[in-house]
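Protein chains in written order, with the numbering used here: chain A, 1 to 319; chain B, 1 to 319.
Read the hints as simulated data drawn from the structure, not as lab findings. Errors might be hidden in some of the hints.
Identical copies go unnamed one by one, so any copy, or any two together, can satisfy a pair.
[Claimed, not checked] Calculated cross-link-like contacts (lysine to any residue; reagent style SDA-like; alpha-carbon spacing at most 20 Å):
1) 150 x 120
2) 150 x 43
3) 150 x 11
4) 150 x 30
5) 158 x 13
6) 280 x 176
7) 281 x 304
The structure displayed is predicted, hence computed values, not measured ones.
There are 2 protein chains.
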Amino acid sequence: MAADGTIGEVGEFGLIERLTQSLAANAHVIVGPGDDTAIVSVPDGRALVTVDILVEGRHFRRDWSTPVDIGRKAAAASLADISAMGGTATSLVVAFAAPADLPAAWAMQCMSGLAEEAALVGASIVGGDISASDSIVISVTALGDLAEAKPVLRSGAKVGDRVALAGRVGWSAAGLAVLSRGFRSPRVLVNAHRFPEPPYAAGPLAAKGGASSMIDVSDGLIADARHVAEASGVVMCLSSTSLEVPEEMRATAAAYNVDPRLWLLTGGEDHALLATFSGKKKLPAGFTEIGVVEAAGEDGPGVVVDGIRDNSRGGHRHF
Amino acid sequence: MAADGTIGEVGEFGLIERLTQSLAANAHVIVGPGDDTAIVSVPDGRALVTVDILVEGRHFRRDWSTPVDIGRKAAAASLADISAMGGTATSLVVAFAAPADLPAAWAMQCMSGLAEEAALVGASIVGGDISASDSIVISVTALGDLAEAKPVLRSGAKVGDRVALAGRVGWSAAGLAVLSRGFRSPRVLVNAHRFPEPPYAAGPLAAKGGASSMIDVSDGLIADARHVAEASGVVMCLSSTSLEVPEEMRATAAAYNVDPRLWLLTGGEDHALLATFSGKKKLPAGFTEIGVVEAAGEDGPGVVVDGIRDNSRGGHRHF
């Protein structure tokens, strides 16, 4: 489809028409884009709902990422939250604000990235809104379905539970370190910063496998383990040696004189899933044991790494 | 609750904690703010979902509106879309981006405005996300419930239907005209620009009353009538004399040498409801007849005002 001109030239309605033409609908979509609201089926009677907002210069840079990458990253942030409750995303609505001189093709490629990422879990884009703004802002709301499962909250970790991780940590942080130094390789790290590869399927598997708590690791492993610890009133004891340093990360860390475990423990935006499991049952596919839940002592709930209490407020800060 | 300092000083998590403390939950909220996602009950099995994005300098100005006003306006845009499908909003999720030097109190008052407006229809704020940005951006997603009703789409207007309007039109445009000239009165017009007063209840009433089509008038009466005309393949014939010029508007229009009907016919952001009804039945409470649906001739679907085809692309443009 044609995409010449800027979004200012194409106009709001022209852009909406072009964007929505390219969208495919899944079986959950009762009414798709183009009316006052979309209508999505929620057979379970409970809708999971979450929103994430990405801002140019804070969450992405146009000179570092393609519009498709940025769309994928924006969708992944919300889709991973749905997985972290044990659900499967069914639909997205997208609010998009951008300068009038943005090429319409950029907006359409970004929308393609959003739709591609959503398609990984079978979700569709069902609606949106567009406005002018000084810099690009993308806000993605995801709806999800629990398929009769019990939601896995942050507050369910119990003393004695095993702590387990699915998906990658530290990759986006390592990629950011590469890009920040003006390099474009190793490509595998740079790509990990451009868009994450969350282990979407591991979320519903964890719910079926009896996970007692779960969280999307978006701020960093320690920071998000602390969210679980505080919600559950426990201490999350992590073993850093259980986190293997990926070969791809090792050489770059050495070259930059960085301890790669810093990336693994504090890097955000990879959207791994951190969960706790009671009993001795085999962990669901994709999960690796990385620690144990202990009782909160006089220091209260918190995180212990390799036996040492972590009192940093590590993790990404938006302000 | 305390709200000293800027949002940069309070920090993302501090701000989230303060904001969520003030939120009340309705019966639809299964899991509220604080986990990876919220969970909202959808007893009907179908969720209405819509998003609107408001950008500082485009949709509001901090020197013209209070943070409460801006929160109300942001919520109203999405809540009115739910009404326009014949539904009732149950919950909102809010993405909020702002400069780090914004007073935390401003953000909290804006959230109060959002919550107050939502409470008008019994909806709660169930989740959100916060980021830093250069200017304030508020993206509000609303979920709504049809309560077994048939959704009222834009595409259902039939030849011979009566066209009817509930709520105010032109008030926000008149208020903007006042503010743009540097005045602060008449206060009733200025307030109408600061936040709308959509006729939320009229939406579900129209659905029960057999409305054949409906739309939220956010771009302007002619512009939104055209959306219905194009979706339904009809001509919407409006009678401008059926729109009474409010007394409050008359003197201001005269002083500014403006035809007040221009405000009534093209002013956006009041979030009136424009609907069509078949047959001769009494219109639902709140609706006034303002025209009739006719067949599209060789000019195709469109809008006729007082017998004259309107070929402007009137209405608010974001780019």
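Handout entry: Hints breached by this structure
Key = 1, 3, 5, 6 and 7
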